[in-house]
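Undergrad: Residues per chain, in single letters:
There are 2 protein chains.
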Amino acid sequence: MTKIWNNIPEIKKELDEVQEIVNKNLKTKNTKSIERVVNHLLQANGKRVRAGLLILSAKMGNYNKDRILPLAAAIEMIHLATLVHDDIIDDADTRRGIDSIQHKFGKDSAVYTGDFIFAKAYRLLAGDYDLEENRITDSMEKVCLGEVFQNENKFNKDMTVRRYLRIISGKTAAMFGLSMYAGAYESKLGNFKSRIIGYSGYYAGMAFQIIDDCMDYTSSSAKMGKNTKVDLLNGIYTLPIIYAVNNDNNKDIKNILNKKEISDLDIEKIFYYVDKYKGVEESMKLAEKYTKKSTDLLRRVSSGKYTDITQKVLENLINRKY
Amino acid sequence: MTKIWNNIPEIKKELDEVQEIVNKNLKTKNTKSIERVVNHLLQANGKRVRAGLLILSAKMGNYNKDRILPLAAAIEMIHLATLVHDDIIDDADTRRGIDSIQHKFGKDSAVYTGDFIFAKAYRLLAGDYDLEENRITDSMEKVCLGEVFQNENKFNKDMTVRRYLRIISGKTAAMFGLSMYAGAYESKLGNFKSRIIGYSGYYAGMAFQIIDDCMDYTSSSAKMGKNTKVDLLNGIYTLPIIYAVNNDNNKDIKNILNKKEISDLDIEKIFYYVDKYKGVEESMKLAEKYTKKSTDLLRRVSSGKYTDITQKVLENLINRKY
Chain A
256 MTKIWNNIPE IKKELDEVQE IVNKNLKTKN TKSIERVVNH LLQANGKRVR
306 AGLLILSAKM GNYNKDRILP LAAAIEMIHL ATLVHDDIID DADTRRGIDS
356 IQHKFGKDSA VYTGDFIFAK AYRLLAGDYD LEENRITDSM EKVCLGEVFQ
406 NENKFNKDMT VRRYLRIISG KTAAMFGLSM YAGAYESKLG NFKSRIIGYS
456 GYYAGMAFQI IDDCMDYTSS SAKMGKNTKV DLLNGIYTLP IIYAVNNDNN
506 KDIKNILNKK EISDLDIEKI FYYVDKYKGV EESMKLAEKY TKKSTDLLRR
556 VSSGKYTDIT QKVLENLINR KY
Chain B
256 MTKIWNNIPE IKKELDEVQE IVNKNLKTKN TKSIERVVNH LLQANGKRVR
306 AGLLILSAKM GNYNKDRILP LAAAIEMIHL ATLVHDDIID DADTRRGIDS
356 IQHKFGKDSA VYTGDFIFAK AYRLLAGDYD LEENRITDSM EKVCLGEVFQ
406 NENKFNKDMT VRRYLRIISG KTAAMFGLSM YAGAYESKLG NFKSRIIGYS
456 GYYAGMAFQI IDDCMDYTSS SAKMGKNTKV DLLNGIYTLP IIYAVNNDNN
506 KDIKNILNKK EISDLDIEKI FYYVDKYKGV EESMKLAEKY TKKSTDLLRR
556 VSSGKYTDIT QKVLENLINR KY
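These protein sequence lines map, in sequence, to chains A and B. For the first sequence, position 67 matches number 322 in our numbering, and the numbering has no gaps at all. For the second sequence, position 133 matches number 388 in our numbering, and the numbering has no gaps at all.
Treat the hints as calculated values from the structure; they're not laboratory data. Predicted model only: the values in this text are computed from it and were never measured. Among the hints, erroneous ones may be present.
[Stated by the list, open to error] Here are the computed distance ranges between Cβ atoms for each label pair: (1) B/K279 <-> A/N505: 51 to 57 angstroms; (2) B/K412 <-> A/N502: 57 to 63 angstroms; (3) B/V416 <-> A/N513: 54 to 60 angstroms; (4) A/N319 <-> B/N317: 34 to 40 angstroms; (5) A/F447 <-> B/N319: 33 to 39 angstroms; (6) A/L297 <-> B/F410: 28 to 34 angstroms; (7) B/V416 <-> A/K267: 50 to 56 angstroms; (8) A/K320 <-> B/R555: 45 to 51 angstroms.
C-beta atoms are modelled at their ideal positions from N, C-alpha and C, and glycine is treated no differently.
Take these sequences, add in the hints, and give me the full structure.
TA: This is the structure we're talking about:
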């Protein structure tokens, strides 16, 4: 995934600077206990998609590095804090390949480490940015709503595509939208253009999350299989399985989901059925639609070198590891 | 506790306005799931000590209601968010006399409702306040540290007074300090005075938390007994019990704490020993010292009507329901 930035050296370089700002902000001398947790967290370099998209959209306008990079860092920190809090709920054992905070340091540390990162992120955002009032809190509100709505739909065997889309609209797309909006707006692209670019980011986020959920079924690595199992045990049904259930006239999948315990064999069966009923292919089609929406919107208001690069990045998002 | 504001009608009236700002900020049309949780939360009117102290310290200077009340609301919201997250860790069943969010709506809602309230609070703070850079995030950092440190010392039978003080310094005193500092600073009392007034708030917070922990032993109501039990079962040892353990040469209390299960009879015994070894009286002495430090500092830099009122409030904090 990080590969996409390898092709764009100037973004990659600035993403490293963003990472430094994140590190600098999260490392504190006085708070040894949190520091330990944060250090652990920083080991796992994220994909920094949000920061990258923010920088790219900013480069479409009147780019000011000193203003943009801390903003990108703040967005990454908010994302990081959300991940830490997600762990509490998912009871996820690993995150980005390393032990999750929740698992390694306990629930309490996860709650307060998340809060700590939020505090630092909001402080960065409280700088002299001109972002349209309530944009950030609106996005955070949507993230929270998405997560709560996901929670409400746990073990819902009648999960619909519509509900799934509402969930990912909050938990992923809102922050993608905010990232691209914020970059554009801070680079003086104006209210109208920035909003359209924000929508472009929003649809890219929809596509991104769908692909993420597809990867739980397409990647052959054991780790991915484990993620799928965790999701299923937590009653989180993502798009590939929803499509498969919809096409499964024998209700074989529902019968498995209705079982009190899901064995490794059951997981294998689910993989088989998702494959049989083309759950991933259907999901990918929808992701491609969102990507097209995303790039169309972008093209409508912007052109030039960085728009071209952004378009390629948005298109590559759905081609990763697939 | 709310009684103290009854004697100060002008503060009480403004605290009601603060509550309205809080309500207005937390009520959202689009987020039904969170709204339900927030409505539930707003039923329980808190004591609003932090907001009250902020307003009082602001009134010592060049008071501007339109700037101060949203600031007080933000501080209350941060406190509220912290309470919601505390619930996750304490597994507390009741909070402010009503079912805790955690208990009523599950862990997930508690995590994201807290995050949502933080987002709204930080947005308010991102207004055009002049607060010295990093003050808010520093305080939040201290709150997080206090909670994490408390966690690290759970079931520590060798808990010391020193460790206890470090915990409450973070989890309570830091926000009290921030409240009084912020009020003073925003009312143009200048950097030096505001810092001293902030320290006054800090020591008041120390006293406040000690009293809070004493009340678990002095209040005869069943509810309070339950809180004590919850704390003990969670391995949280507060000042009265620490003093009692230190005076207990027979190690009777430690023997109880070492048991795997703590029965209602054990709780009764602990109450008996805390009483016998004067755990509450010793704690109260320390609280009184902190209150004196608090009012002395305040007196050193401020005088006049609102300073007099504040002094009385600070002194009353340790007399509540005791």
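Undergrad: Run every hint past the structure and note whether it holds.
TA: So, going through the hints one by one against the coordinates:
{"no.": "1", "hint": "B/K279 <-> A/N505: 51 to 57 angstroms", "in the structure": "holds, 53 angstroms"}
{"no.": "2", "hint": "B/K412 <-> A/N502: 57 to 63 angstroms", "in the structure": "holds, 60 angstroms"}
{"no.": "3", "hint": "B/V416 <-> A/N513: 54 to 60 angstroms", "in the structure": "holds, 55 angstroms"}
{"no.": "4", "hint": "A/N319 <-> B/N317: 34 to 40 angstroms", "in the structure": "holds, 35 angstroms"}
{"no.": "5", "hint": "A/F447 <-> B/N319: 33 to 39 angstroms", "in the structure": "holds, 35 angstroms"}
{"no.": "6", "hint": "A/L297 <-> B/F410: 28 to 34 angstroms", "in the structure": "holds, 30 angstroms"}
{"no.": "7", "hint": "B/V416 <-> A/K267: 50 to 56 angstroms", "in the structure": "holds, 52 angstroms"}
{"no.": "8", "hint": "A/K320 <-> B/R555: 45 to 51 angstroms", "in the structure": "holds, 46 angstroms"}
When held up to the earlier numbered hints, the structure conflicts with none and fits them all.
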